[in-house]
Amino acid sequence: MMIGTKFMGRYEIVSKLGSGGMAVVYKAMDTVLNRMVTVKIMQEQLSSNQQFVVRFRKEAQAVAALSHPNIVKVYDVGRSEEGQHYLIMEYVEGRTLKEVIQKNGSLSVSAALDYVNQILAGLRHAHSYGVIHRDIKPQNIMVTPNNQVKIMDFGLAMNLSDSTMTYDSTVFGSVYYIAPEIAQKGTGDARADIYSTGIVLYEMLTGELPFSGDSPITIALQHVEGNYTPADEIDDDIPYEVARIVDKAMAVDPEERYHSVKSMMRDIERAAAQHGIHLSSVSVDEGSEAMRTAALGNTAMVAESRRRQQDYDFDNDDDFDDEEEDRHSKRRSKNKNNSSRSAKATAARKKRNKKIAIIVIIGVLLLSAGIFAGVRAFTNTGEEVEVPMVEGEQVDRACEMLDELGLKYNLIPTESDEVEVDYIISQSIKAGQKVKVGREIDLAVSTGSETVEVPDVVGDSESRATRTLENSGFQVEVEEEASDSVDEGDVIRQDPEGGEKAAKNATVTIVVSTGPETPETETVTVPDVTGLTLEDAKRQLEAKGLKCGSVTENYTSEAAAGYVYYQSINAGTTVEEGTSVNLTVSKGSANRTYNYSYVVPEEYDGGLLIIRCEDERGTTEYYHDTCSAGQTIRVTIDVTPPARIITTIDGREVDSETVD
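Following the numbering used here, the numbering of the sequence shown begins with 1 at its first residue and continues without gaps.
Hints listed in this document are in silico derivations from the structure and should not be mistaken for laboratory results.
One or more hints might be untrue.
What the hints assert, rightly or not - Just the calculated beta-carbon pair ranges, DEER-fashion: (1) 554 / 638: 11 to 21 angstroms; (2) 459 / 139: 45 to 55 angstroms; (3) 590 / 536: 22 to 32 angstroms; (4) 236 / 16: 37 to 47 angstroms; (5) 218 / 461: 29 to 39 angstroms; (6) 608 / 539: 54 to 64 angstroms; (7) 456 / 185: 26 to 36 angstroms; (8) 278 / 139: 25 to 35 angstroms; (9) 428 / 110: 51 to 61 angstroms.
Stated by the list, open to error - SDA-like, lysine to any residue: derived pairs with alpha carbons at most 25 angstroms apart: (10) 408 / 439; (11) 587 / 555; (12) 73 / 19; (13) 504 / 476; (14) 408 / 53; (15) 430 / 416; (16) 185 / 413; (17) 262 / 252; (18) 408 / 386; (19) 504 / 452; (20) 538 / 528.
Heads up, the beta-carbon is just placed ideally off N, CA and C, and yes, glycines get one too.
Taking the hints into account, I'd like the entire structure generated from these sequences.
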């Protein structure tokens, strides 16, 4: 337990902030400079493994040269006398952006644009040094109490000058934010950070993630296919221009994305200005040469940084072009109108993407589960372990079990009618068998049932379409929708479309026409007709397109005879044109004066006497005082028949009269 100890004779450990596969992170007081810092210490069992040491130090090297207000600073890096590799970093007070989103559900457009602009400012600085973050997600972004954004955790950072830019031996970031080219090919450039930032902006604006699923494979495939609901269709308050910025950042093809952080920042600044939104003082044209020079501190690195400081704007595309804007507009229109896609093109694309992605993703993404436990494969190559039973396990859990024992695995996508998608069908080495650490085991992973072609039933009657699909082995779900062009009872469209492949017993949704849409009835606001004569009230209602319903007459003191004092629908209510409003009209006041008297009996001498009247207006008290034996009490009462006059002494009813 390090809490309370002084690390390196200088950093007094205050509390533990967290731990992961590579390191343990502490909050500490720098007793020399009297400031709070973050101390990141490599896990002890990794210190002897050169692969992990190189990766740990690589993080330090990636950010040590960076000095920017939107990036967490690295103060020191080294190795203790005990052999512990460590980083000393800036301590940031605040919450992660993920916590902010979870608390608020979604952020205002102004807050989202301000935060993403700061994120992009930090990334632009990193990219100018040739450093790609590769793990941009809300969990890796801190928000201080004064709303300053700071990017942290460059543990996956890659230098743009690296020759291969591959990801085959590094932990992946969250699959919810991964760029499609990384999911497909394991490679990417600075535009991968732009894609992830686009998803972060989408999540800030909507409070939702664009892609979700039951497994990493499912989610990664969605990134590759790129089908999501545009942000402004989830929330109408999101400006069209802002939603298009998200769409361009999240383009599946990197060539269709912003080619630089700078160009995305410019569009954000334009959108903010257009909607009167103030952004934090981060300019896309800010100079940072002095900052870079001060941060680097040696001539060779300064020269290298100057060589790389260009913004990787591959085509100087600083704004949307008409084709790009038109592409997103068309997709948005298609989503709103629920029009069908080209079945052949969609099927071919999905098939191609699935072939590319399923094999790559299924193996590569799961490296994140085993980076810590897999150390045993490097350090204990002579040890023998017992193979666990992983058949029937979910693929993530199966890989974790093998990782914990230092065993390697080869995932083989396999169709299965019996085993659920993403679960292990079989293993090449039986459970219980002893093998050496590092041995590779083949795992057959279910990709679901055998796929068959979906019949095209568009234009068929509901009964015929249902029969055709059921005979082909599919379940059928029916939805209804009005249509001016398709006869009532016939199928408008289906999902999956005809010609596409789907698993046997899968559900096919057919949308059936209910005929032409009934014209919408206009609505009107009910006027206030109380206080008007009956005739005037009727004229007011008719002028608004409303009807006068039943008319009731009652005695009341609320209005003069012949005037409306009650309406069945409150004024200001929005109703359909032609709605009836019932009225109640006064017959005048039924009140009259009644003289009441009461003689106090001998036995109630000195008691508390109360006289009250109950009628349609409620209960009214007319007398309240102590009484004497033989005393005659006289009161004049204003009553609205029918009424009841009640006399009590000390709470006991002693007399009552009814007035009709």
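Okay, the hints, checked on the actual structure:
1. 554 / 638: 11 to 21 angstroms: Holds, since residue 554 and residue 638 (Cβ atoms, about 18 angstroms apart) stay within the stated range.
2. 459 / 139: 45 to 55 angstroms: Given about 49 angstroms between the Cβ atoms, the range holds.
3. 590 / 536: 22 to 32 angstroms: 24 angstroms, holds
4. 236 / 16: 37 to 47 angstroms: Given a distance of about 44 angstroms, which is inside 37 to 47 angstroms, the answer is holds.
5. 218 / 461: 29 to 39 angstroms: 35 angstroms, holds
6. 608 / 539: 54 to 64 angstroms: 55 angstroms, holds
7. 456 / 185: 26 to 36 angstroms: Roughly 34 angstroms apart at Cβ, these two residues keep to the hinted range, so it holds.
8. 278 / 139: 25 to 35 angstroms: 27 angstroms, holds
9. 428 / 110: 51 to 61 angstroms: Roughly 56 angstroms apart at Cβ, these two residues keep to the hinted range, so it holds.
10. 408 / 439: With Cα atoms ~6 angstroms apart, residue 408 and residue 439 stay inside 25 angstroms; holds.
11. 587 / 555: 5 angstroms, holds
12. 73 / 19: OK: residue 73 and residue 19 at ~19 angstroms, within 25 angstroms.
13. 504 / 476: This hinted pair holds, its Cα atoms lying about 12 angstroms apart.
14. 408 / 53: 21 angstroms, holds
15. 430 / 416: Answer holds: residue 430 to residue 416 is near 20 angstroms, not above 25 angstroms.
16. 185 / 413: 17 angstroms, holds
17. 262 / 252: 20 angstroms, holds
18. 408 / 386: Given that 25 angstroms is the threshold and the Cα spacing comes to 13 angstroms, the pair holds.
19. 504 / 452: With Cα atoms ~6 angstroms apart, residue 504 and residue 452 stay inside 25 angstroms; holds.
20. 538 / 528: 11 angstroms, holds
In the structure shown, no violation is registered for any of the earlier numbered hints.
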